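> Listed in order, the protein sequences are those of chains A and B. Each residue of the first sequence is one higher than the one before, starting from 1 at the first, in this note's numbering. Each residue of the second sequence is one higher than the one before, starting from 1 at the first, in this note's numbering.
Do not take every clue at face value.
Identical copies carry no separate label here, and so any pair may be met within one copy or between two of them.
To be verified - Cross-link-like lysine to any residue pairs, in silico, SDA-like; alpha carbons within 25 Å at most:
1. Lys305 / Asp265
2. Lys259 / Leu242
3. Lys86 / Thr232
4. Lys305 / Gln192
5. Lys52 / Gly101
6. Lys305 / Gly155
7. Lys305 / Arg229
8. Lys84 / Met208
Simulated from the structure, these hints should not be mistaken for lab results. Just so you know, these numbers come straight off a predicted model, no measurement behind them.
Protein chains: 2
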Amino acid sequence: MTYGLIIIGGGPAGLSGGMYAARLNLKTLVLAVLPGGLLTNIHDIENWPGEKSISGMDLANNLMEHAKTSGAEIKFEEVTAVEKGKNEAGEAVFKVKTTGGAVYESYSLLFATGGKHRLLNVAGEKEFSGKGVSYCALCDANFYKDKTVLVVGGGDAAAKDAMVLAEKCSKVYMLVRSVLRAEAANIKLLEQNPKIEIIYGTEVAEIMGTGVPSAAGAKVALVRLKSGRELTVDGVFVAIGLDPMNVLAKDLGVKLNDKGEIIVDRASQTNLAGVYAAGDCTDIEIKQAIVGSSQAVMAAFSAYKYIRNLIKIYEK
Amino acid sequence: MTYGLIIIGGGPAGLSGGMYAARLNLKTLVLAVLPGGLLTNIHDIENWPGEKSISGMDLANNLMEHAKTSGAEIKFEEVTAVEKGKNEAGEAVFKVKTTGGAVYESYSLLFATGGKHRLLNVAGEKEFSGKGVSYCALCDANFYKDKTVLVVGGGDAAAKDAMVLAEKCSKVYMLVRSVLRAEAANIKLLEQNPKIEIIYGTEVAEIMGTGVPSAAGAKVALVRLKSGRELTVDGVFVAIGLDPMNVLAKDLGVKLNDKGEIIVDRASQTNLAGVYAAGDCTDIEIKQAIVGSSQAVMAAFSAYKYIRNLIKIYEK
């Protein structure tokens with residue numbers, strides 16, 4: 001059995017693409033590791049058009065239910081490799097292998113693999129990871145009630161992290177290497193928040209703590225900045241961006257830009273016939289759920305047209 | 001007073017752009033004729049990601065409330081002209097004139113003007129317009145309860161119209177000149193519906209009725225096809241596509257393609273600095289609410305960056 005479209009990724013792009021492709025009568029499989037993708041880390045989303053305020057988890061659930069209702073199949077398996085091959089009928093297909101040992105075949109592919117949080121790569125980061133160093137403010141904010149934390153980063157994700165942490169912590173430092181690139185609305189909120197202190201123009205030199213790093217009981221206690229200033233903190237939240245998840249695409253021969261993002265055109269087409277990409281793994285400038293969702297809708301339509309040309313439209 | 005962004009159009013693109021631009025702290029004005037645009041004609045939307053089923057009116061209201069809550073100003077005025085000019089401070093601005101005689105000034109513009117229903121241009125169409133000839137099945141279906149109607153068109157809008165009408169009418173003919181280009185899911189539904197009869201390969205030659213056309217009491221009664229066949233019908237629903245609303249943009253010097261659609265890049269930028277476009281008036285292939293919405297979000301971000309470069313970021 002050959003799918004019309006296999007979608008790798010279960011974030012807003014993957015789930016929207018699944019909904020739309022299934023509505024186009026493509027036999028559609030969504031392979032998701034984390035249902036909802038990075039959405040599920042977001043406490044409160046206010047810029048999904050039509051939703052004044054919705055939790056990431058709720059939006060993820062809505063998108064998943066919509067994909068399922070539309071007829072998309074969703075499996076929670078991690079993809080380990082994608083290769084070109086042939087199906088039993090001798091037709092050219094993509095073979096998608098997952099950790100469970102399964103191999104799925106499809107006439108077309110949509111990479112909606114998203115991105116991965118970037119690391120600071122400074123002394124102490126790895127050693128104190130999970131012991132005061134975190135990459136997810138929304139997951140871990142509750143552990144820092146009435147404590148002092150540092151948020152590293154000057155983008156919108158960092159701004160949002162700082163605000164969420166300020167709801168719980170007594171003090172939030174925010175370290176901005178150059179300029180704040182957050183939404184103006186968020187910058188205003190940061191500046192108005194008396195718990196937040198923004199430090200500009202320097203970077204983290206080292207993260208230090210109590211106890212032997214990597215040993216039980218070790219904990220972040222101090223951050224030394226390149227400027228020489230030292231901050232006494234209980235936690236460090238790293239929010240310096242996402243790296244695109246591109247390994248599967250790259251191995252298949254999909255063209256990437258110099259940031260490692262999958263190059264797509266306006267119809268979400270990559271350089272390979274029958275292969276599409278959408279969302280944070282692509283070279284689209286604005287990494288927002290609504291944008292990835294729209295890219296995936298266009299990818300589904302592109303896949304539909306591609307398969308219609310293969311006269312496989314009524315597979316399902 | 002000069003706006004950061006004026007958006008012309010109150011459909012899903014215009015309202016999403018208004019929400020996003022206001023969140024970016026741009027002083028934003030949305031000028032809408034029909035709040036919700038063509039959305040409001042849609043009875044049931046099933047492909048807005050995350051909403052299994054929502055009425056066009058409800059989605060339009062959600063988008064409008066979201067734009068307002070985010071700080072966008074919405075005025076229900078029709079734009080009559082857009083010109084380049086200077087504000088009191090001598091800065092280059094766009095001057096937007098409306099039917100009320102008002103002139104609004106803005107540093108940037110977003111055309112989200114949508115499209116207009118295409119006409120058949122056959123004898124009887126104009127004369128029986130509103131007397132059996134309709135361009136909005138969802139507005140008028142209720143007037144044709146237990147009657148026989150003809151839907152003209154082979155696209156997705158025509159397919160949806162036929163299905164909506166079949167809920168009310170006793171018989172629905174569907175006239176498809178060449179091939180059905182509707183979503184496969186919709187084609188299936190059409191073919192399964194015993195009330196719907198699809199006629200392929202011909203076109204409307206003339207719409208005829210009772211009484212003197214254009215006179216009171218006149219009513220559609222018969223449609224003659226180019227094949228010679230005659231259909232006894234009570235109504236004709238024309239669903240053969242949209243023409244982009246491009247006059248204001250064209251007059252400003254915005255570049256159009258040969259279909260009259262505004263040419264935009266992936267950041268929703270037109271050929272003119274500070275001028276953006278989104279939704280059905282653009283050359284994007286897929287004319288769907290979610291796509292226009294995403295285009296408008298990107299346009300708002302483009303406008304934000306443009307104005308930040310003009311050092312006008314904190315206008316509001």
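> Taking the hints in turn, state whether each one holds.
Tested hints:
In this homomeric assembly, lysine 305 and aspartate 265 come within 25 Å of each other (Cα to Cα) both inside a single copy, at 15 Å, and across copies, at 22 Å. Taking CA atoms no more than 25 Å apart as the test, lysine 259 paired with leucine 242 passes inside one copy only; the shortest distance there is 11 Å, against 39 Å between copies. Proximity of lysine 86 and threonine 232 under a CA criterion of 25 Å is satisfied in neither setting, with 59 Å inside one chain copy and 53 Å between copies. In the homo-oligomer, the alpha carbons of lysine 305 and glutamine 192 lie at most 25 Å apart only across protomers (23 Å), although the nearest pairing inside one protomer, at 51 Å, exceeds that limit.
For the identical chains of this complex, lysine 52 and glycine 101 are neighbours neither inside a copy (42 Å) nor across copies (33 Å), given an alpha-carbon limit of 25 Å. Taking the shortest alpha-carbon separations for lysine 305 and glycine 155, only the inter-copy value of 14 Å comes in at or below 25 Å, while the best intra-copy value is 38 Å. Taking the closest pair of Cα atoms, lysine 305 and arginine 229 never come within 25 Å of each other, the shortest separation being 59 Å inside a single copy and 33 Å across copies. For the identical chains of this complex, lysine 84 and methionine 208 are neighbours neither inside a copy (48 Å) nor across copies (58 Å), given an alpha-carbon limit of 25 Å.
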